[in-house]
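Colleague: Listed below are the residues making up each chain.
Protein chains: 2
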Amino acid sequence: MKKFINSVDDLVPDSAAGLVMAHEQLLALNEEPLFIHRRVLKQDRVALISGGGSGHEPLHSGYVGVGMLDAACPGLVFTAPAPDQIAAAARCVDAGRGVLLIVKNYAGDCNSFQIASDMLDMDHLTLLVNDDVAVENSTHTAGRRGVAGTVIVEKIVGAAAEAGADLYECKALGDRVNASTASMGVAFSSCIVPDAATPTFDIGPAEMEIGVGIHGEPGRQRRPTMPADKIVALLLGPILKDLQLAAGRELLLHVNGFGGTPLIELHLLNKIATQQLREQGLQIKRWLVGNHTTSLEMAGASITLTALDDEMVTLWDAPVVTPSLRW
Amino acid sequence: MKKFINSVDDLVPDSAAGLVMAHEQLLALNEEPLFIHRRVLKQDRVALISGGGSGHEPLHSGYVGVGMLDAACPGLVFTAPAPDQIAAAARCVDAGRGVLLIVKNYAGDCNSFQIASDMLDMDHLTLLVNDDVAVENSTHTAGRRGVAGTVIVEKIVGAAAEAGADLYECKALGDRVNASTASMGVAFSSCIVPDAATPTFDIGPAEMEIGVGIHGEPGRQRRPTMPADKIVALLLGPILKDLQLAAGRELLLHVNGFGGTPLIELHLLNKIATQQLREQGLQIKRWLVGNHTTSLEMAGASITLTALDDEMVTLWDAPVVTPSLRW
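Chains A and B, in that order, give the protein sequences. Residue 300 in the working numbering sits at position 300 of the first sequence, with consecutive numbering throughout. Every position in the second sequence, counted from 1, becomes a number in the working numbering once 1000 is added.
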């Protein structure tokens, strides 16, 4: 296993410290229990908290800041955060208007956030993200997995919270964005979890896993590698089937890298996906291309579509200042 | 070779088109000859052009925009752009105050930019970046290589051009930033050039290349892998020896990923480097952590230090709106 690492135990807290050092005017670190929060806390606004296993960076810690998350709770690599991290983060960032807990749909995360929820005295609601259309149930999940669409949900709901939406409005908006969002990914290689030190799954030199999960969970099928335009079509098919879009519908297209795929390939995928969607009579109104929801060093990518309405476009365009999304 | 690709010939132009699609309000594409430029061209300002082989994305195309580059000319993967790309880009973005050509020090790039320079009628100067302290001469280079410090040069000089500095001031500032900047990298794995389809170099399962170039060129030594803090010390040693900094000197620290290393590890490197530099009595005033100057999917990272003065800090902090650097 070749990684920049001192010890498996120190990786997550030391990496969080390194992130906060690089953004010292924007972020602050709570070391025990571990969470990252906005240095200047919001006043009189709903607070947004997310978290999950580490190894998906920049998700979630890279999206803490103005107009997005108020705190992020990183668990060990691919392991849910502990409930006391979530509860402590909620107490830190609560500004009297309630706390929205944004949870990717994995059994461990749901369990930790549920226990944390029972510990909280302030108003709070939970928003579940389950945008992965690849499989209905998975290794660590009942129901669909939450993947790259989480960034879209966090951005749009974050903008609403920043503008003064109340807790129930934020939750309803988030549910609406999640229901309008569908994702599917493909992997060429496995990631290597530091604690395991070996690849999570084996894959042949000319194979790819269609519908892979962001922890290397199995997808729909193992296929021989093929040209990029055919791979894009394989991903868009199930996404479009799920969303059932009317012709002319306006979309956000998010091409997400899993960590080990170069940007030159992600931009190629973007061109191909944009063309294929336009050929089907759909309009791409906004784009996001890059490594946003990763699986450590996994080579591969996912495509996410969100069917936009005018409110979502306005909130997507609203200013955001975080380490990894900024405009 | 597992890559998202349709054909080797189409990769660079199609990827450039995908980048421009995702940033249609900011960027425009010139297809023949290929270059990317600001959609809204600067008026009455020095224009900045860079370029080089593809495969280092986001360098350079991801830094076209307000406050940085006016145009970028991508060559084939790891191959210098053709002179006519550079000359056409210069004619496109020239706003009557002259053009500064920013060139990483590789023989092929120097040659192409020199030929382009001979083709140009407007005032223009060339700024050479050679920040890599690993080796004095290399496979494709006479003198030191230009690597991740290029982003620092492009940002600071771009801000000066945006503020109205003349061509000679931009060139002198760029020379000063380059002279104040030193970098060194390490690789765990080789990249795979699409045209070659096999790794550029072989490396053992527990070896790393200290001082590697961004095309996989050999560095100073092949060493067994070691803990991250020892690797950071191996990189910082030659950098600090080169810069000869006085105690208390203010620095910009840039931890750059080569493409295949997860962000969680880059942030760990940032924490370690920041601590080691502080222990030597140096002050880190600004940070940049992420995949900025990559080598396709190479696993590895580099560290860059720039010794700052007050003008550089002001220019670094000035607004920038590009696909990959924005504040």
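Worth flagging that the hints you see were computed from the coordinates, not collected in a lab. Please note: incorrect hints may appear among the correct ones.
Subject to a maximum C-alpha distance of 30 Å in a straight line, what follows is the list of computed DSBU-like cross-link-like pairs (lysine-lysine) [said to hold, decoys possible]:
#1 B:Lys1241 to B:Lys1230
#2 A:Lys241 to B:Lys1285
#3 B:Lys1042 to A:Lys3
#4 B:Lys1230 to A:Lys3
#5 B:Lys1285 to B:Lys1241
#6 B:Lys1042 to B:Lys1002
#7 A:Lys241 to B:Lys1241
#8 B:Lys1002 to A:Lys3
#9 B:Lys1230 to A:Lys285
#10 A:Lys42 to A:Lys3
#11 A:Lys2 to B:Lys1042
#12 A:Lys230 to A:Lys241
#13 A:Lys230 to A:Lys285
#14 B:Lys1003 to A:Lys2
#15 A:Lys42 to B:Lys1002
Here are the simulated distance ranges between beta carbons [unchecked claim]:
#16 A:Gln43 to B:Ala1163: 49 to 57 Å
#17 A:Gln25 to B:Tyr1168: 28 to 36 Å
#18 A:Thr139 to B:Gln1221: 26 to 34 Å
#19 B:Gln1221 to A:Glu207: 52 to 60 Å
#20 B:Phe1201 to A:Val313: 26 to 34 Å
#21 B:Trp1327 to A:Asp9: 31 to 39 Å
#22 B:Gln1221 to A:Asp121: 39 to 47 Å
#23 B:Asp1009 to A:Ala247: 56 to 64 Å
#24 A:Asp9 to B:Ala1197: 52 to 60 Å
#25 B:Lys1230 to A:Asp121: 31 to 39 Å
#26 B:Thr1198 to A:Asp118: 51 to 59 Å
#27 A:Ala163 to B:Lys1285: 29 to 37 Å
Here a beta-carbon is modelled for each residue, glycine too, at the ideal position from N, C-alpha and C.
Colleague: Hints first: check each against the structure and report whether it holds.
Modeller: We went through each hint and held it up to the structure:
1. B:Lys1241 to B:Lys1230: holds (17 Å)
2. A:Lys241 to B:Lys1285: violated (50 Å)
3. B:Lys1042 to A:Lys3: At roughly 43 Å apart (the allowed maximum being 30 Å), Lys3 (chain A) and Lys1042 (chain B) break the hint.
4. B:Lys1230 to A:Lys3: Holds. Lys1230 (chain B) to Lys3 (chain A) sits at ~13 Å (cutoff 30 Å).
5. B:Lys1285 to B:Lys1241: Roughly 20 Å between the alpha carbons, so the hint for Lys1285 (chain B) and Lys1241 (chain B) holds.
6. B:Lys1042 to B:Lys1002: Status violated; Cα separation ~41 Å.
7. A:Lys241 to B:Lys1241: violated (60 Å)
8. B:Lys1002 to A:Lys3: Within the cut-off at roughly 21 Å; holds.
9. B:Lys1230 to A:Lys285: The given pair, whose Cα atoms are some 47 Å apart, is violated under the 30 Å limit.
10. A:Lys42 to A:Lys3: Not satisfied, since the Cα-Cα distance of roughly 37 Å exceeds 30 Å.
11. A:Lys2 to B:Lys1042: Measuring from Cα to Cα gives roughly 45 Å; hence the hint is violated.
12. A:Lys230 to A:Lys241: holds (17 Å)
13. A:Lys230 to A:Lys285: holds (23 Å)
14. B:Lys1003 to A:Lys2: Within the cut-off at roughly 21 Å; holds.
15. A:Lys42 to B:Lys1002: violated (45 Å)
16. A:Gln43 to B:Ala1163: 49 to 57 Å: violated (35 Å)
17. A:Gln25 to B:Tyr1168: 28 to 36 Å: holds (34 Å)
18. A:Thr139 to B:Gln1221: 26 to 34 Å: Taking Cβ atoms as reference, Thr139 (chain A) and Gln1221 (chain B) lie about 42 Å apart, which means the hint is violated.
19. B:Gln1221 to A:Glu207: 52 to 60 Å: Cβ of Gln1221 (chain B) to Cβ of Glu207 (chain A): about 36 Å, so the range 52 to 60 Å is violated.
20. B:Phe1201 to A:Val313: 26 to 34 Å: For Phe1201 (chain B) and Val313 (chain A) the Cβ distance comes to about 47 Å; the hint is violated.
21. B:Trp1327 to A:Asp9: 31 to 39 Å: At 34 Å between Cβs, range holds.
22. B:Gln1221 to A:Asp121: 39 to 47 Å: With Cβ atoms ~58 Å apart, the hint is violated.
23. B:Asp1009 to A:Ala247: 56 to 64 Å: violated (34 Å)
24. A:Asp9 to B:Ala1197: 52 to 60 Å: violated (40 Å)
25. B:Lys1230 to A:Asp121: 31 to 39 Å: Between Lys1230 (chain B) and Asp121 (chain A), where Cβ atoms are some 47 Å apart, the hint is violated.
26. B:Thr1198 to A:Asp118: 51 to 59 Å: Distance hint for Thr1198 (chain B), Asp118 (chain A) holds at roughly 55 Å.
27. A:Ala163 to B:Lys1285: 29 to 37 Å: The hint (29 to 37 Å, Cβ to Cβ) holds, given that Ala163 (chain A) and Lys1285 (chain B) are roughly 34 Å apart.
Violated hints, in rising order: 2, 3, 6, 7, 9, 10, 11, 15, 16, 18, 19, 20, 22, 23, 24 and 25; the structure is consistent with all others.
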